[in-house]
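The listed protein sequences correspond, in order, to chains A and B. Per UniProt numbering: the first sequence ends with 347, consecutive numbering throughout. Per UniProt numbering: the second sequence ends with 311, consecutive numbering throughout.
Hints may contain errors.
To be verified - Straight line, CA to CA, 30 angstroms or less: simulated DSSO-like cross-link-like pairs of lysine-lysine:
| id | chain 1 | residue 1 | chain 2 | residue 2 |
| --- | --- | --- | --- | --- |
| 1 | A | Lys335 | B | Lys25 |
| 2 | A | Lys109 | B | Lys78 |
| 3 | A | Lys335 | B | Lys200 |
| 4 | A | Lys335 | B | Lys196 |
| 5 | B | Lys197 | B | Lys143 |
| 6 | B | Lys25 | A | Lys334 |
| 7 | B | Lys299 | B | Lys25 |
| 8 | B | Lys10 | B | Lys196 |
| 9 | A | Lys335 | B | Lys10 |
| 10 | B | Lys250 | A | Lys199 |
| 11 | B | Lys25 | A | Lys293 |
| 12 | B | Lys200 | A | Lys334 |
| 13 | A | Lys203 | B | Lys78 |
| 14 | B | Lys22 | A | Lys150 |
| 15 | A | Lys203 | A | Lys130 |
| 16 | A | Lys87 | A | Lys66 |
| 17 | B | Lys22 | B | Lys78 |
| 18 | A | Lys293 | B | Lys250 |
| 19 | B | Lys196 | A | Lys293 |
Keep in mind the hints are simulated off the structure, nothing from the lab. Bear in mind that the values here come from a model prediction, so they are computed numbers and not experimental data.
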Amino acid sequence: MSKLLEVKDLAVSFNTYNGEVQAVRGVSFDLDKGETLAIVGESGSGKSVTTSALMGLVPKPQGVIKSGEILLEGEDLVKKSNKEMQKIRGKDISMVFQNPLSSLNPTMKIGNQIIEGLVKHQNMNRTDAKKRAIELLDQVGIPNPEIRMKQYPHQFSGGMRQRVVIAIALACNPKILIADEPTTALDVTIQAQILELMKDIQKETESAIVFITHDLGVVANVADRVAVMYAGKIVEYGTVDDIFYNPKHPYTWGLLGSMPTLDSDDEELYAIPGSPPDMLNPPKGDAFAPRNKFALEIDGVMEPPMFKVSDSHYAATWLLHEDAPKMEPPESVKKRMQGFANTGGEE
Amino acid sequence: MAEDKILEVKELKKHFRVGRNKTVKAVDGVSFDIYRGETFGLVGESGSGKSTTGRTIIRLYEATGGEVKFDNEDVHGKKSKEELLKFNRKMQMIFQDPSSSLNPRMTVMDIIAEGLDVHKLVKDEKERKERVEELLEVVGLNKEHASRFPHEFSGGQRQRIGIARALAVEPDLIIADEPISALDVSIQAQVVNLLKKLQKDRGLTYLFIAHDLSMVKYISDRIGVMYLGNLVELADSDELYNNPLHPYTKSLLTAIPLPDPEYERNRERVAYDPSVHDTSEEPKFREVSPRHWVLCTTKEFEQYKIELESK
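Turn these sequences into a full structure, and let the hints steer you where they fit.
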């Protein structure tokens, strides 16, 4: 089966006055039709830069794609010119940003903002485009779409604005929808609505979604597969069950342990000490080693390769090497794994 | 826990005037008590008035109506300068955004010591330095950090400076307004652990304001849920999570995504529909079972009681 999207060994750097910041350092993943991949990581882990590379939006000239391929149905997007990318952007790949207020044009009516893409990419005439736009607004759950078409972004609430942004992104039935923290700026109840909406639409349109977030709760809700990023690399990669119930990388342990579950009460949260590394001078060896209490000697010398845990599950940590000492994940993570085993899940 | 009230909030109101004939009732008649040594969590969506409540309690805003009593003393009454100073020492605040709540032109030493200077808690320069260095160590920073400026620190470290500043005057009550929302997940846990440790060591009382319900549940003893300027439900945190009564609390609880895919697959979200309420009379805040309060009318009150008993 051929993949919809394949990213191979992507590396993106930014040239700054202080030197070269290696934002993304060799990321590989793939995406099937109709599936949702969540990319999780802290700020500065390179998750947003990865997706701007997918969209061809790495700012030039300071941002450089150092190496790698981005294959959309076999075609390499890295080699495309800006003009060619304009045809792909919005049509094959479209994007939903974090802040709906800054991604909409405040001086343009909502209707025109949706129609714009339809006329440009689908060669529709304005009447058809208008009809389609009303359909789209209806589809994303905006009441009275005919009236709303003629309104400006400031007349919408935050959740409604995000719905409009999603409508614009969906206008041309993209193959891939990239959602960069689409719900971070929203309240929990609105967040739940938007997530449900995105899932419903995915079922209808069979778009693949790349979902970027730092909220593991949201990941558990939307994702089929998860990639955990740290310091510009994917450190663990697997299905959502692999990552939540059988995590292998100490960083994933830390992320899961630092979130309280509803029945953890008095025990201390398992916090990852320290703060993320400076990507101007990424540390030698495993970038996570300085914050990792499970670090081995080799972590300071050599970067761990991706070890295979199962067909769907990979992790980059020396702990998985056959010569590595057996390490037990922290209590809270073990409890989570056990809890799952008890409810009838498989290891 | 001894039921010793450190803070009593009664019918607190804060209205803002916007334009000529419009007022926004940000907080409209909120009442609750906070007991000494506990953590009281205040949750709600943006615009529910939770931050305004916190800020009005500490008198960053003048209240429009109602009463706030700290150690049985009225906070909002007319006060002399000395009385105000004394009161300010007992209550401190930690803010959401650690970069905008620290003066960028002051060194960490001066930021933390400002309270010490204002309240004249140190005799000389040497003692001042010692106190600041001690505080830095308490919050997990080094004493070398004292001479640096806020921009030299990461978000988590800045929040630690904010905490050290609040601790400097040895307050009894700390109002923490979304202290972890702006931080990364791994750093959030560090700060929460620090807050918990400080509470244990120093017997602090917290008013913890946040919208992240799983974190609030973890840190709080009791939780109040706010909706449109009013408290709609107040209970011990376990009770609130296990037996939510008010429809809004239910919708809020079912909306939090939890880091557990199995749970997420089976989740049924309940949307809040304000029209389910009985409108025959003005709802009041009533105690449905001991320590469990809900905003309801008499009719709803009976319903909730039955609902609670049948569980």
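Going through the hints against the structure:
Simply put, Lys335/A and Lys25/B have alpha-carbon atoms about 45 angstroms apart, too far for the 30 angstroms limit, and the pair is violated. Restraint check: the Cα-Cα separation between Lys109/A and Lys78/B comes to about 52 angstroms, which exceeds 30 angstroms; the hinted pair is violated. With a CA separation close to 25 angstroms, the supplied pair Lys335/A and Lys200/B stays within the 30 angstroms bound. Simply put, Lys335/A and Lys196/B have alpha-carbon atoms about 22 angstroms apart, close enough for the 30 angstroms limit, and the pair holds.
As the CA atoms of Lys197/B and Lys143/B are separated by approximately 20 angstroms, the hinted pair is consistent with the 30 angstroms bound. Taking the CA atoms of Lys25/B and Lys334/A, the gap is near 47 angstroms; set against the 30 angstroms cutoff, the hint is violated. Between Lys299/B and Lys25/B, the direct Cα distance comes to roughly 26 angstroms. Compliance with the 30 angstroms bound is thereby established for this hinted pair. Our distance criterion of 30 angstroms between C-alpha atoms is met by Lys10/B and Lys196/B, whose separation comes to about 28 angstroms.
Only pairs whose Cα atoms come within 30 angstroms are accepted, and Lys335/A paired with Lys10/B is rejected, the gap being roughly 42 angstroms. Taking the CA atoms of Lys250/B and Lys199/A, the gap is near 22 angstroms; set against the 30 angstroms cutoff, the hint holds. A threshold of 30 angstroms between alpha carbons decides the hint, and for Lys25/B with Lys293/A the separation of about 50 angstroms lies outside it, so the pair is violated. For a cut-off of 30 angstroms, the pair hint linking Lys200/B to Lys334/A stands: about 27 angstroms separates their Cα positions.
The straight-line distance between the Cα atoms of Lys203/A and Lys78/B is roughly 62 angstroms, outside the 30 angstroms bound, and the hint therefore fails. With a C-alpha separation of about 27 angstroms, the suggested pairing of Lys22/B with Lys150/A holds against the 30 angstroms cut-off. For the hint pairing Lys203/A with Lys130/A, the CA-to-CA distance comes to about 24 angstroms; that is within 30 angstroms, so the pair holds. A threshold of 30 angstroms between alpha carbons decides the hint, and for Lys87/A with Lys66/A the separation of about 23 angstroms falls inside it, so the pair holds.
Restraint check: the Cα-Cα separation between Lys22/B and Lys78/B comes to about 28 angstroms, which is no more than 30 angstroms; the hinted pair holds. Taking the CA atoms of Lys293/A and Lys250/B, the gap is about 40 angstroms. The hint is violated against a cut of 30 angstroms. This hinted pair checks out: Lys196/B and Lys293/A have alpha carbons roughly 22 angstroms apart, not beyond 30 angstroms.
Consistency note: the structure conflicts with the earlier hints numbered 1, 2, 6, 9, 11, 13, 18.
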